[in-house]
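The chain contents come next:
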Amino acid sequence: MADGYSYVAFLDVLGYRALVQADRERGTLDFKNKLTKALSALDDINEDDVRTVAISDTIILSSSNPKGLPIVMDACVKLFISFLDMGLLLRGGIAYSQHFQSKAVTYSHALTIAYKLESEGAIWPRILVAGEAIEASVANGVGIAGTDSVTTWHDAHLVDVAAAGRWEKIFSCVKKMYKENRAGMREEVLAKYLLLENFLLSHPDRKKGARRFTSIPVKY
Amino acid sequence: MKKVTVFYNNKGGVSKTTTLYNVGVYLAKELGRKTLLVDCDPQCNLTEISLASMTTAWSDVALGTSIYKALLPRFNGDTAKPDVSKVELVQSELYENLWILPGDFELSLAEPYFASAVDRAITENIHEKNNYLALRRLFTGLANAHDFDHILVDVGPSSGSLTRMAFLSSDQFVMPTTPDRFCNQAVSVLGKLIAAWTKRNGEIVSTFEAFNLEALEGKPVFLGAVSQNFKAVAGRTKESYRRWELEIAKNIRRIFMEQSEAVLPIGNAIKSGGTKSIQPYIAKIKDVGPLAPTAQMFGRAIFDLHKQHSEYASSTGQKYYGAVWQTWEDRMQEYRKEMKRIAGAIENG
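Taken in order, these protein sequences are the chains called A and B.
Here this note's numbering is used: the first residue of the first sequence is 199, the next is one more, and so on.
Here this note's numbering is used: the first residue of the second sequence is 8, the next is one more, and so on.
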């Protein structure tokens, strides 16, 4: 393995600030408990395979294994579902570049690229994968394209959270979350649900007869 | 052996192409080495001279696969490496062991691809990394596929990205020079240029292992300089030329052998004692007068002209005989000796 190169996922918990604020106003730690439970999905992942750091609304996963992209992507899927179970949505990006992480400092080109992907490209709850990371994985002997792990949607590569028999669970969770939060939903949040719903309804594994659950209100 | 040797000087008119072609013929004909000439100069002069003996003009029938066509699938991203199995080389009709990868007038179009690779191959972009390695992979791929002993690479008198990549993709480097002020000026620039190229190459290739890509060493062994086209009287170089020869030698030693930043590995032919005593010239070639244009007419090596060829140098259209032809033979013999020296340096690394 070349010195310092890693696959790095930068994940962002959507609505973090509002959820913390809600806890403060209620004097509870509900959101903290949900976060702890959701992150426990990584408890059985070997730290030698994927290193995890969670700070505030950010979760960073990294693997210095040159064949480690599928492992990072699997961990991302586990987290995505685990957060969904807690009624939380994630979005993020995965990149491959130089990455140094110690107790004192994190210096990372990969994190910068992954963050850029997340902030500029992941406009709805999805985890984008940099094309260069996929190519690097191929160069290191692990082909990703054409597998269940990744899908291409509107020219972007994203972790296919709905593949491998997960579609139904994800669809029902997202639908439930939407219904619970529909009242007073801000337009940008609605747009995220609409795009996620579009993705799920155009997915090859969609359940026959599944129908659109969002609706655009006539008036806010 | 399978050595890739580039003949380079950013100064034009120093007989890079002529010398390379003649050394190529020497290696192929006199030493029996299977030799490939690669024309990396969009002017295509090497292709022109190499295929001059063909009955049909190469530019009219597009003989073989040009170097640009060989690289294009890589630039387009269709293949990770140039596919050498699809590259058709041209065998010389005159010299059995001599092969040519023809040039292309469109090769200038490769310049932006290489410029982008030089700029961006240090990033995570594998396409750019593969473009950065394209020429080296083409050279080694062809050497292995056809079992060449030597590949000689001709480049234009430029410092652009195409020339830069051809230089960095070679194992060895011969510097043709002419003993004059302008060449001396060019040599000074060349030192800085090569230092910058090799430094940047080191930075770029340090990122390759993470992508399971082979490194490009990018430090061709400096085999030495060739001084040529000087005038001599009674077998001795005229003083004015000799002075420039000395000045250039001093400059080469200072820039290529003594400055740590610009140091390239030094070839065995000029390595003796400490660097201070190194004589950088591996050959000194006198002006060959009418032999060069006559050889060009037939695509022959300058040392391989026959009596009948002299008809084309004679104002009467008669072959040269006796003392006049003897002068030609003497010049050919001298020239052959110098080609032998350069070929020896190339063989011995």
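Everything labelled a hint here was simulated from the structure, so no lab data went into it.
There could be a bad hint or two in this list.
One-sided and incomplete, this derived list gives chain B residues near chain A with beta-carbon spacing under 7 Å [to be verified]:
hint	residue
1	I133
2	E135
3	F189
4	N191
5	A222
Label-pair ranges, simulated between beta-carbon atoms [stated by the list, open to error]:
hint	chain 1	residue 1	chain 2	residue 2	range
6	B	T130	A	S238	30 to 38 Å
7	B	F112	A	I414	56 to 64 Å
8	B	F112	A	E385	54 to 62 Å
9	B	T130	A	G341	19 to 27 Å
10	B	K88	A	D247	28 to 36 Å
Everything numeric in this text was worked out from a predicted model, so none of it was measured.
For glycine and all other residues, C-beta sits at the position ideal for the given N, C-alpha and C.
Could you check the structure against the hints above and give me the numbers of any it violates, in ascending order? Per hint list: 2, 3, 4 and 5 violated.
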